[in-house]
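Undergrad: Sequence:
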Amino acid sequence: MIRRAGALLAATVLLALAACGSADDPGSAPLPGYTLDLPDLEPLDTPAGPTQVLSGVLGSAGYLVEVPPEWNGDLVVWTHGYLGNSDALVVDAPYYGLRQRFVEQGYAWAASSYDRNGYDVASGVRSTRELADAFAGLAGTPTAPTRTYLAGISMGGHVAARSVEEYPDRYAGALPLCGALGDVAIFDYFLGVQLVTEALAGVRYYPPGPAFADTVLPRLHAALGLTPGDPAVTSPAAQQLRAAVVLGSGGARPGTDAAFGFWKDVLLELGVREPAGPVGGVAADPEVVATNVGADVQPGTPVDLNAAVRRVAPADPATRASTALTAVAPIAGRPAVPVLSLHALGDLYAPFSMEQVYATEVAASGRSADLVQRAIRNAGHCEFSDAEAGAAWDDLVTWVTDGLRPDGDDVLDAAAVADPAYGCRFSDPEAYRIAPEPSEADTRRLFDPCPT
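Numbering (mature numbering (1 follows the signal peptide of the UniProt record, and there is no 0)), first residue to last: -18 to -1, 1 to 434.
The hints are simulated quantities; they were obtained by calculation from the structure and are not laboratory data. There could be a bad hint or two in this list.
Label pairs and their calculated CB-CB ranges [as the list claims (entries may be wrong)]:
#	residue 1	residue 2	range
1	407	350	15 to 23 Å
2	307	256	21 to 29 Å
3	234	118	43 to 51 Å
4	25	193	49 to 57 Å
5	82	300	40 to 48 Å
6	201	385	54 to 62 Å
7	150	303	21 to 29 Å
8	209	119	50 to 58 Å
9	115	387	22 to 30 Å
Virtual Cβ for every residue (Gly too), placed ideally from N, Cα, C.
Construct all of the structure, not just a fragment, from the sequences and the given hints.
TA: In structure tokens:
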């Protein structure tokens, strides 16, 4: 699903552990059909000596654990994002310099591969809880952690937000980064983009078939006057598609016209389906919960999109309506602990609207005091500087330990979000100054510089 994840899909060393157990549980092994990738993670040096790094299999999931020699008694569990439907389970160390930051501040951290791939929030929530509960035994610490925090990216943000609701007494705080906090709304967004595209191109194709990439995609580009690899958007149909994507991804806000040029190829390629992995069901095709029935599709000119766009009901309405811990588990908006989130304004993959959906649900539950959200001025998916993520982490900890709620951005005030300076408050000015021309690695120059 993620095609611009770059560092999120960094190569790891393949360990063929499907037929063997771990030191802590000889019966542990990945589920049938899976192997496990564990990175060759060297301990970090600290003034008190090197950290302790442990890895292995817990149940059917791989794990990494790192404990500094002067442990402060708290734990951070990192929740990874969507890694496709491959048969290799992957364990990621925290990004954005957070691994180093955790260790320097005395925190232990742990990360799970989850016990299956695909978009499977239930697997993430359960595997994360199992690892948090097993930490003391795995690390050999004399006590369990005093506090356990969650931090994660993309689907891992969905995992973190559902986890603090699923186990309200287990976690002290959560830091979802670029999180899919709108749960099924992200699949509604993917569906909506495809149905608007076919309406404006005059090419009816949904649901896409196996020949989509070879036969349909070239027709879409031609009909819309778009060229792969070229950000230019010149035809009236393509400009209306851009406007519809901007409105459907969070409304008018800085940088989104340029962000569409950056993301347009990925959005048109949503009809390209990757092969199913070892586990089937909704985890292999989460879009079965998606619908655009009742959606107000704008803008209405030059084509009346509300009239032109086909309406598609969810293929699996029972799962969509369920409040259970499923692969696409809903988030009720009832955090019982502080949650601080970061999101890129121009992310059109897990769009900024995810924050708006979550903020609306949290407000409806009367829990807005437990949520702080920050907008960052770039267009990447999970593109944050070390300073942005580090400041958010430090502020979350101060909030949890000292009760000092940090500042954030209002994501629901349309006028504020549309202001040309929106997102400047928490965006790292140094990251903008050193940014190259917009690329997959750094999209900050798609935005005007912030006022000094």
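Undergrad: Decide, hint by hint, whether the structure agrees.
TA: So, going through the hints one by one against the coordinates:
no.	hint	verdict
1	407 with 350: 15 to 23 Å	holds, 18 Å
2	307 with 256: 21 to 29 Å	holds, 24 Å
3	234 with 118: 43 to 51 Å	holds, 49 Å
4	25 with 193: 49 to 57 Å	holds, 50 Å
5	82 with 300: 40 to 48 Å	holds, 45 Å
6	201 with 385: 54 to 62 Å	holds, 58 Å
7	150 with 303: 21 to 29 Å	holds, 23 Å
8	209 with 119: 50 to 58 Å	holds, 56 Å
9	115 with 387: 22 to 30 Å	holds, 29 Å
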